[in-house]
Each structure stands twice: as structure tokens, then as C-alpha cells.
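**Q** Here are the chains, one letter per residue:
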Amino acid sequence: MNTLQLALRNLLRNRRRSLATLLAMAVGSASILLFGGFSANVDYELLTRHVRKGGHLQVQQRDFYLYGSGDPIAYGLADHGRILKAIRDDEVLSSLVRVATPTLQFGGIAGNSAAGVSRTIIGAGFVAEDINRMREWNEFGLRTTAAPSALQGSAADAAVVGTGVARVLLMCEALKIANCPAVQKKSLASDAPSGDLGTKANGKAKAKANGKANGKANGKAHGKSNGKSNGKRNGNGNGNGSALPADIAQLSLQEAQAAPAAGPRRIDVLVASARGAPNVASLEVIRAEDQGVKELDDVSIMLQLARTEQIEQARARLVTVLAGFSATQPLAVLDFRQLNPFYVQTMQMFDTIFGFVFVLIGGIVLFTVSNTMNTSVVERTVEIGTLRAMGLRRGGILRLFVAEGALLGCAGALLGAALGLLLAAVVNRVAMPWLPPGNVELVPFTVRVWGEGRLLLGTLVGIVCIATVSAWWPAYRAARLDIVDALRHV
Amino acid sequence: MQEQEDPPQAVVELVRVEKSYHLGSVLVPVIKGINLIVRPACFSVLLGPSGSGKTTLLNLMGCVDKPDQGEVVVANCQVGALDDDALSDFRGETIGFIFQNFNLLPVLSAYENIEYPLLLAGAPASKRGARVQRLLEAVGLGDKAKNLPGQLSGGQRQRVAIARALARKPKLVIADEPTANLDSATGAAILALMRSMVDRYAISFLFSSHDPEVIKAADDTIFLSDGVIQSVRRKGAVGLA
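In the order they appear, the protein sequences are chains A and B.
If you read the first sequence in our numbering, its first letter stands for residue 205, the second for the next number, and so on.
If you read the second sequence in our numbering, its first letter stands for residue 806, the second for the next number, and so on.
Note that these hints are calculated values from the structure, not bench results.
Owing to the predicted nature of the structure, the values given are computational and were not obtained by experimental measurement.
Take these hints with a grain of salt, some might be off.
Incomplete in silico selection of chain B near chain A, CB under 8 angstroms [unchecked claim]:
1) N864
2) D870
3) D888
4) D889
5) S893
6) D894
7) R896
8) E898
9) N908
10) P922
11) L925
Idealized CB from N, CA, C, for every residue including glycine.
For reference, chain A alone in the conformation it holds in the complex:
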């Protein structure tokens, strides 16, 4: 009969009280786990969304993050083909990197000349095949998948626009956009001058939807012409001069010469920079999609890793690999957290709420266990006196009651974990749809408790510690009882 066995029997002595305490702890632990599981899932959802969209790491010209959006040409990434080759050829990186692909992001004005309307946009160019591979990434086994880009296999001048952009550009009918009141279309088309229309529509849509023209045409043109243009730009002193860069001028000329006739799905894109709007493209819109918010515009190489935990390893290796390119342009490697402050802020908010919930529930557990142990000490005062008379030291009494608290904590935490896992399974089974912040599609409400070792272990240890600490004060009081008074207790 050791202290733990005796403690266990003492707990079983008043089963109803022990059960009530146990249930309070179990419900508390389960609540912590459910919120933690929800928070973990939000983390994975957000992280996956960002990594599918922009990769784990991006190689940019140094300071592009700070100044690039104001002057993308000056801060653009030159020589990206060689950089990409160096990354792909590196033994270490090739084992870590799933996809390495260039991306071009720009701001400008898109116009539907046939309808006489235009609006400002933020656009992204990419290699559709690479982006679709990136969209398949699912390290955390999420139930939500990203739809592949419609641009893969489409014509060279194809583009996808946001529904907001399509609506403002009066392409509802051509692209079968819902929620396009005919009266508005008529009024906009007939009454408003195109310049005003663009400004108004922009004011409404920009903040909400960040209208975005994703063009394979851009991607391909970018991909094809960047090699040439970068080389030229380098040759011209890094493209920082006041003259229009040769690649842009060439593209502008090509587009001007090959511009097809205007049609219901045709838009013209005027790409703007700090030095004006030199780049014109005529694009065939093949689809309109809802778009999320993008926090950062950049010109960079995106690297998607097999696993998120490899970020630091890949970053360290990239620094070595990219050292050879620093002579021509200073480079920086940024991870998705640096590129997406919204993700960091959101998770910090969830962490804070989780901490608050834990403290609240911990407090409830503390007082519940403490109350139970206090009652137990009062009820067993004579027994404490007897044990002390028989030679049990104060430390022995302290250990006995603390052990009872710890056992209660263990049982409560384990029961809570089981309850949390069960409830999480039920919630996941129900798959209630909800719209997370920043999302454009409903996703199944998911609580991720199973497999979250750190969350489970942290909650278990936390609850056991709280229960043990709760028992300490009553145990200390019991140990300090005067033997004569204890034996005399009625």
C-alpha cells in the first residue's frame, strides 16, 4: 500500500464528489482541446492557403518588400532564370523544394473597350502548371482542396479575373456572372463616362476583392520574355534608368501589333509603374473567380517545400546558393510569415484567445479541486490526527493529499482528452460549413485534436499541474494540523 494506492482509495471513498470534480475537469479539458483543435485547424488552413498561393519562401531583390511596390522595375528580380536553375540544380535544395517557379505581380488598369469601361487592378502572372502543382500541396491533410487554375492548357493570351472586376467591366453575360443587376449595367454603360466608372468601381471593389487578373498570357509572356528582358535589363544597368526597359517596350509593341479585335470576353490591360503605364496587353478572359485578399505585391521566385518544418534548412541553403548572385543584385529570402503579416496576426490573436480560455478554465479547475480537497481535509481530520499519531510525518500527509489532487487531475485530464477527441470527431463528422476570415469559399468546420500531440500533451500536463497545485494548499493545511485538535475533531 503506497501513497498513490492509498490516495486512490481515498478518492473512491466519496465517489459522487470525486465524480463531480472529475467531470468539471473533464469538461474544462475538453473545452480547451476543442478550442485548441479549432485554432490549430485555422492555423493549418491559413498556412496552407498562403503556401499554396505563394510558397514557403520567396527570393526577392533585397528591399523589394519595403520599396518594390512603388518601383517594381527598380526592385524587380533580374536573372531569375539562372537563379531558378541554381536552385533546381542544388542537391540539398532539390530534395527540399517541391516547386520553384517565378511570379510577376503588377498593378494597372483593365478596360473593356467594347463596353467602354475600365478599372484599376492588381494582377499576377505565373506559370500555370507550377501553380497547379503548388495548389496540390496538402501537408496537413486538410479536407479543403484548392481548385486548379483554369489557365493550364489554355491559350497564350488567356486570363482569369475576379468576379468583381468582371462585373465592373460589364462582362457578366459573357462570363455568366451572378448578381449583375441589369439596371446597373444599363446605367453604367450608357450614362457614366468610362474614366469615372473606373474610379467608382475601383473605390468599391479594390478594398474588398482586390480585383486581380491572373494571366497565363502574362505568365507565359513573363516566363518567356523575362529571360530575355532580364538579360537586357542587366546589360542596361539593371533597368534603373529613365528610359523604358527594352523588354517592356518590346512586349508593348507586340501587343499593339497583334491586338485582336475587341469581343465580349476581351480586356485590355495597362500595367502601371512609378514611371507611368508602359505595358499593354490584350487578354481573353476565360473565367471569373472569387479572389481572396493579397497583402503584398512582389516580383520574385516562389519556393514551395515538401514540409513546412524545412523552412529554416532551405533558407540557410538558399543563402549559400544565392551568394553567387549577390554581386549583380542584392537578394533576400523571405518566408511566408514575413510575406503574410495577416497570417501571423491572426494566429497571434488565436493564441491570445487560447491563453485566455486556458486561464479561465484553469481557474475553474483550480477552485473545483481546491474545494474538493478542502472538504476532504475537514472530513478526514480525525484520520489525519490518527496517521500523525501513528508516526506519519507532516510531509507524508502533504504527499497523500497532493497525490489525491494529482490523481484527480490525471483522471480528469484523461477523461477530458477522451471527451475532446470524441466531440471533435462528432463535429468533424457533421462538417458544418463556415466561412473563415479571408476565405471566399465555405469550408467544413473542423476541429483538429487527434494528432495534435503538443496540444494534447500541453492540456494534459496543464490540467494535472493545476489540479496538483490546487491540492497543495489544503494538503499543507492538513499537514499543519495539531494532532490533539485533529483527534478531538467531531
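With the hints as your guide, set chain B onto chain A.
**A** Frame of chain A, contents of chain B only:
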């Protein structure tokens, strides 16, 4: 005060012991300068009316209370010099207790209750088992080893308490009115058992009682009144206060 001629070897010796308690703001003297010797291997009874200080005196001799003045020497150890842990160890090793309400641990079986003091002493399992079994047989409860206290009668519980008190072979067993909660037949049987234990194990039994049967069975009878020993009657001689 009493003076003993040719004092015998003592298991307990009290020297000018005083003890008072606070009742609100009033200090009430309970034990008033008592000198006493308890002989080894004797069946000693403390007699006196309610409030005479019997339980307080037993507590002082049982080392669960400390005197305000004077010295308590138990088994040649001046217990006032011991700190709390040392005193706990000393009690466990030297003194056994039998309580009026038995005070068995309700979650432990008869066997485990008797075994518990041996566990505190760190005795190995083999020695514990043999000792507990012997004691269970000695108190006539060999077949009740697995019974919880709630499954035993009052007399049986007190037998378990006696066995528990004897588990560590103490030099002194202190019993505060051990037959008070028992019917007369059971009380007599318990008394006989304790008497036989004194003879069998050569342990000093010291207990308080109002029971005339106890007085008859005692070797030494100590009369206490108002915190003062009025007389000590030892078999064949009477000491006066």
C-alpha cells in the same frame, strides 16, 4: 506530588509537568505539576472524573502534545528535545495508540490497517506479511483479514486497532477509554485481550477508563483529579499524592 520509594525502571517519566489550555481569553490549567512513573510491562490505568486531565496526560505521555513546563521522558528519550519529524518517527517506533472510536482507516482492510505502521517503518513485504498474520491470529481475526472496518463489529474493530498498535512492537501502548464504545461483554473480552498482550509481549499498556472491571485487571492504578495525581496504587503498594 508523589514520591516513590525505590523507583522502578520507567517506560514513561513525567517531571513537574504542567499544561494549560486557552478557553477564549482564559487560560485554564489542566495538568498541574505532575510527577509520574509508568513501569514497563505493566497494565496501568488512569482513573479520574471527566475534566480531571486524563486525556491530556495521555496525550503528553503519547508525545502528541507538549507540556508547557516540565519534562517528559519516554523510553529514556527526552521527547521535548525532538523536532516534529524526529518526534513522529519516535512515536511510530515506540508508542502504539488505541482510540475510543477505533480510528481505523476506512479504506483499508483489517490486514492493511495492521500493516500500515509497518509500511511507515519501511519493513520488507515478507516480514510485514508474517507479522500481520501473527497479530491477526493473536487478536482472533485470522479469517477477517480482508474485511474493511465497515464490515466488522465494534469489538472486531477494536481488536484490529489493538493489533495495529502492537504492529511495530512498541514499548508503550496508550489507550483512551478503549472499552467505552463497546458493550460490557465485548469490553471484557477486549480487556482480557489487552491484559494477555501485556503478558505475552511485555509491553506497557496505559489507558484511561471509568470501567471498574479495568481497575480490577490493572497492575497500577493512577487516580487523577483536577490535574493532580491523588494517588498511585501499584499491585501490593499504594503511593499517595
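**Q** Next, verify each hint and record whether it holds.
**A** Status of the hints after comparison with the structure:
1. N864: Nearest chain A Cβ about 5 angstroms off; hint holds.
2. D870: 5 angstroms, holds
3. D888: 10 angstroms, violated
4. D889: 6 angstroms, holds
5. S893: 5 angstroms, holds
6. D894: 6 angstroms, holds
7. R896: Hint holds; R896 (chain B) Cβ to chain A Cβ min 5 angstroms, cut 8 angstroms.
8. E898: 7 angstroms, holds
9. N908: Since the shortest Cβ distance to chain A is 4 angstroms, the answer is holds.
10. P922: Since the shortest Cβ distance to chain A is 6 angstroms, the answer is holds.
11. L925: 5 angstroms, holds
The structure fails to meet hint 3 from the earlier list, while all remaining hints are met.
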